[in-house]
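Chains as they are written, first to last, in the working numbering: chain A, 181 to 674; chain B, 181 to 674.
Among these hints, one or two may not hold up.
What the hints assert, rightly or not - Think about it this way: if two alpha-carbon atoms lie no more than 27 Å apart in a straight line, the pair counts; the simulated BS3-like pairs of lysine-lysine are: (1) A:K185 - A:K277; (2) A:K632 - B:K277; (3) B:K195 - A:K195; (4) A:K430 - B:K407; (5) B:K228 - A:K195; (6) A:K190 - B:K277; (7) B:K632 - B:K195; (8) B:K228 - A:K430; (9) A:K277 - B:K185; (10) B:K195 - A:K632; (11) A:K632 - B:K190; (12) B:K228 - B:K632; (13) A:K407 - A:K190; (14) B:K430 - A:K277; (15) B:K185 - A:K185; (16) A:K195 - B:K430.
No wet-lab data here; the hints were simulated from the structure.
Protein chains: 2
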Amino acid sequence: MATDKTAATKPRNSKDITHWDIETDVAIIGFGGAGASAAIEAADAGSKVCIFELASASGGSTALSSAEIYMGGNGGTPVQQACGYHDDTQNMVNYLKACFGNQADDEKIGHYCENSVGHYHWLTGLGVPFKLSELKERAIMALTDDCLLFTGNEKAHPFTEHASPVPRGHNLQVEGDNGGPLLMKILTEAVEQRGVDIHYDSRALSLIVNDNGEVEGVIVRIDQQEKCIRARKGVILCAGGFCMNEEMLKKYAPTFDCGLIPIGNSGDTGSGILMGMGVGAGTTNMHECFVSLPYYPPSSLTYGILINDKAQRFINEDCYHGRVGYNALIAQRNSSRIYFITDLEGYGDYEKMSYLGATVAGTGDTIAELEQELALPESSLQHTLETYNRHAASGEDPYFHKSEAWLRPLTPPFVALDCTLGRGTFYPFFTLGGLDTTVDGQVLTPERNIIKGLFAAGRTTAGIPRTASGYASGMSVGDVTYFGRLAGKSAAGN
Amino acid sequence: MATDKTAATKPRNSKDITHWDIETDVAIIGFGGAGASAAIEAADAGSKVCIFELASASGGSTALSSAEIYMGGNGGTPVQQACGYHDDTQNMVNYLKACFGNQADDEKIGHYCENSVGHYHWLTGLGVPFKLSELKERAIMALTDDCLLFTGNEKAHPFTEHASPVPRGHNLQVEGDNGGPLLMKILTEAVEQRGVDIHYDSRALSLIVNDNGEVEGVIVRIDQQEKCIRARKGVILCAGGFCMNEEMLKKYAPTFDCGLIPIGNSGDTGSGILMGMGVGAGTTNMHECFVSLPYYPPSSLTYGILINDKAQRFINEDCYHGRVGYNALIAQRNSSRIYFITDLEGYGDYEKMSYLGATVAGTGDTIAELEQELALPESSLQHTLETYNRHAASGEDPYFHKSEAWLRPLTPPFVALDCTLGRGTFYPFFTLGGLDTTVDGQVLTPERNIIKGLFAAGRTTAGIPRTASGYASGMSVGDVTYFGRLAGKSAAGN
């Protein structure tokens with residue numbers, strides 16, 4: 181059964197290693213945001229560092245992302261302050277706890293909120309550019325070079341009951357959706373400047389442990405040969421998540437094994453998690469994924485309503501697209517259809533601007549006509565829309581508490597977009613579970629003992645973001661760079 | 181960190197064992213339904229068997245249950261046939277796959293469906309009595325001595341689209357809710373008759389492994405002394421689930437860590453799972469639990485409607501109480517209130533008969549009055565009920581496909597029961613995840629390698645039932661006795 185792609189990777193025993201091809205202090209598997217940040221800190225702490233990256237270049241999933249970085253607390257980052265926002269650390273903690281509830285890692289949240297302003301300064305110290313400006317539109321990512329934007333549910337019900345809304349997404353100062361490449365370019369240069377020994381096209385195969393179960397190195401395939409890498413201080417697994425491993429998805433996150441589109445890099449096969457499990461590491465939050473229904477831009481669609489096959493609304497449409505995706509897909513999994521209902525004004529530039537891929541399922545000069553075209557139960561959509569419009573006209577949504585800013589009556593003619601999974605709509609996902617780690621990146625057994633010599637960061641672990649329903653853009657890149665740094669520091673100090 | 185109640189239990193090394201207090205072929209931890217079934221099969225295969233039970237008597241959670249047993253396939257059990265039902269194996273497989281979807285263990289389902297008629301004969305061979313009769317009412321359990329009843333969602337949408345409805349719950353021939361004690365009495369006697377060495381008040385502490393990681397025995401505390409038990413053929417962990425371990429619940433099944441009432445025995449602390457994890461076992465389905473909203477009896481409440489804080493219905497109310505509980509609690513977790521709306525006829529003997537504990541939240545001579553009393557959005561409940569009544573009058577429910585048998589218009593006066601979690605309503609739960617095992621009960625590492633000498637069954641593993649949304653009464657006792665037997669056989673043949 182060991183060819184199973186969900187099988188933990190059996191380690192090698194160091195007593196079977198006859199010679200070391202490479203000796204280093206810290207060996208890092210994966211050169212995305214987490215691996216790069218770990219390398220910089222480990223090198224700055226005086227360690228000799230090697231990075232082994234499967235691909236032919238650095239980047240990982242961070243380079244594919246928009247690289248908004250979720251930061252705040254301590255009164256606010258310089259950008260938050262320049263844009264007139266005060267961000268109290270406790271307010272940020274309260275927000276993140278509201279986002280992830282029982283699933284939150286309170287210790288990681290506390291550490292992150294206390295230090296993310298420091299993280300901002302570390303990033304700018306490396307040359308990461310942030311403009312002291314705010315993008316006020318509702319967007320998935322900034323396409324201008326403006327910095328600060330609301331990237332989650334901060335202004336949406338019920339989060340406003342738990343924390344004051346403050347924008348914490350920090351977009352790099354670059355035009356277009358180019359934050360990820362720029363961030364990785366800067367981090368890669370910082371790694372190179374520190375004399376880190378970088379090996380591309382190098383596939384980590386298995387960890388090397390001694391008889392006490394301590395990690396002493398890693399086997400890496402380079403130029404079609406197995407190389408034995410000795411890591412005197414530790415191996416740091418920064419090898420991404422497992423959204424590209426269908427079998428792991430089915431085994432560990434079966435709820436999300438339903439035809440979603442994986443977003444990540446082709447190396448997101450769970451190899452780091454499986455290598456960790458092979459030396460006895462525990463895992464956490466493996467059943468959870470990010471999922472999204474990316475229905476804005478155009479932000480004007482937010483004026484519309486999202487309904488199920490009973491024409492019931494089920495979420496305040498001013499939420500973050502991940503929360504909407506979670507509720508459309510997971511909470512509504514008994515529904516055979518999901519539609520976005522808009523009017524022409526809300527439809528706006530949908531065809532030009534949207535990432536959604538949802539096709540028009542019906543149109544109507546009246547709601548009754550649209551209802552019939554969508555084969556919804558008679559009077560169902562008529563009632564839902566009449567009620568919504570009546571409330572919207574009075575500036576309130578007693579059902580779902582959509583904020584007044586996004587309430588206005590919808591007027592004929594109407595358009596319905598088919599957002600049903602499997603009917604063309606883009607539902608991206610990636611995994612949010614991984615190796616169980618301490619705040620400083622040490623990998624834990626299910627006994628909660630530290631595995632000596634083994635560290636992990638990024639989506640090889642579970643970090644700040646734990647569910648799509650509480651996710652905000654910037655939480656992943658924020659988490660992987662921040663906890664990547666801590667893992668690098670603690671490996672160097674090992 | 182090792183005092184943490186979620187910590188895997190560190191095993192002892194057999195080379196540190198100076199003498200064996202007890203030597204046996206098969207050591208079984210836990211004397212509930214799984215342990216008893218394993219003991220009978222292992223003894224019948226010629227093995228010397230010891231059972232170690234934490235409590236002062238056999239029983240486990242099986243004795244606390246109603247002990248309906250979910251069986252069918254192969255044309256039908258003798259009871260199914262006597263009651264006029266034909267149950268095709270593929271039909272049963274289709275049903276169970278529809279219940280658990282991506283989470284299903286197809287191999288276990290196949291094995292179970294092919295052999296559950298054989299399991300029926302094994303049980304009756306031991307003296308378990310089943311009357312050749314059917315209980316036709318909608319009930320959580322049979323309080324008569326009748327045998328066959330529908331115990332799941334077999335007759336409810338959408339399951340009727342996947343399989344022909346056949347009742348598969350087999351209640352023991354005993355008056356009252358006394359199936360569990362009777363089943364365990366019979367199984368216990370069968371174990372005793374086979375000369376199995378039974379130790380009560382005995383707490384298993386940790387497994388004993390050799391340098392190859394093979395399980396050789398178990399440390400058990402008996403009379404306040406640690407005893408070293410050698411198990412030449414294997415140890416079978418039948419120690420229950422982890423619903424009584426709040427820390428494990430928070431760590432592994434955080435969605436269900438919300439104030440539900442654990443149902444199980446006080447030994448359901450996950451100790452078997454943690455012992456298995458301590459020797460490198462993998463786990464599966466740990467994030468899932470059974471949860472229920474036990475709103476019937478009286479079955480007449482099924483004529484009512486269940487609504488959320490927007491007065492939206494969200495499930496066909498003729499489903500199994502576990503599916504309703506899952507949808508009320510997990511799928512509707514953004515709802516601040518859940519109400520059951522009934523009329524006086526449906527309310528019936530609620531106060532005398534119900535297990536629900538829900539208090540009356542409001543009454544009304546009109547729906548408008550009730551709506552106001554419940555502080556629901558204006559016209560919301562009026563619309564929902566008018567629509568429901570109009571459809572019920574015509575014998576159809578185009579929204580949720582509640583079956584015609586449970587449709588009739590509700591008439592004033594109306595009553596609302598408050599089914600909101602945390603407001604008095606009984607929401608029981610237990611865990612549905614555990615050690616990863618083969619069909620025949622061998623425990624697997626995350627590498628999918630077999631851990632030699634280690635077996636598990638019952639809720640220490642994940643078996644047939646994987647979610648509350650697809651659960652049916654009888655699936656647990658069916659699963660634990662069936663796979664307990666297989667584990668006993670394979671340990672004996674080791």
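Each hint, compared with the structure:
For the hint pairing K185 of chain A with K277 of chain A, the CA-to-CA distance comes to about 34 Å; that exceeds 27 Å, so the pair is violated. Simply put, K632 of chain A and K277 of chain B have alpha-carbon atoms about 43 Å apart, too far for the 27 Å limit, and the pair is violated. Distance restraint check for K195 of chain B and K195 of chain A: the Cα-Cα separation of roughly 21 Å lies within the 27 Å cut-off, and the hinted pair is therefore satisfied. At roughly 41 Å between alpha-carbon atoms, K430 of chain A and K407 of chain B are farther apart than 27 Å, so this suggested pair is violated.
Distance hint between K228 of chain B and K195 of chain A is unfulfilled; the C-alpha atoms sit about 40 Å from each other, more than 27 Å. With a C-alpha separation of about 32 Å, the suggested pair K190 of chain A and K277 of chain B falls outside the 27 Å cut-off, and the hint is violated. Restraint check for K632 of chain B and K195 of chain B: satisfied, since their Cα atoms lie roughly 17 Å apart, inside the 27 Å limit. For the given pair, K228 of chain B sits about 39 Å from K430 of chain A by alpha-carbon distance, which is inconsistent with the 27 Å threshold.
At most 27 Å may separate the alpha-carbon atoms for a hinted pair to count; K277 of chain A and K185 of chain B meet this at roughly 23 Å. Simply put, K195 of chain B and K632 of chain A have alpha-carbon atoms about 24 Å apart, close enough for the 27 Å limit, and the pair holds. Between K632 of chain A and K190 of chain B the alpha-carbon distance is near 17 Å, which keeps this suggested pair within the 27 Å criterion. Between K228 of chain B and K632 of chain B, the direct Cα distance comes to roughly 18 Å. Compliance with the 27 Å bound is thereby established for this hinted pair.
Our distance criterion of 27 Å between C-alpha atoms is met by K407 of chain A and K190 of chain A, whose separation comes to about 16 Å. Note on K430 of chain B and K277 of chain A: the hinted pairing holds, with a Cα-Cα distance of about 14 Å set against a maximum of 27 Å. Under the criterion of a C-alpha separation no larger than 27 Å, the hint pairing K185 of chain B with K185 of chain A is inconsistent with the structure, at around 31 Å. Our distance criterion of 27 Å between C-alpha atoms is broken by K195 of chain A and K430 of chain B, whose separation comes to about 40 Å.
Hint check: violations occur at hints 1, 2, 4, 5, 6, 8, 15 and 16; the rest are consistent with the structure.
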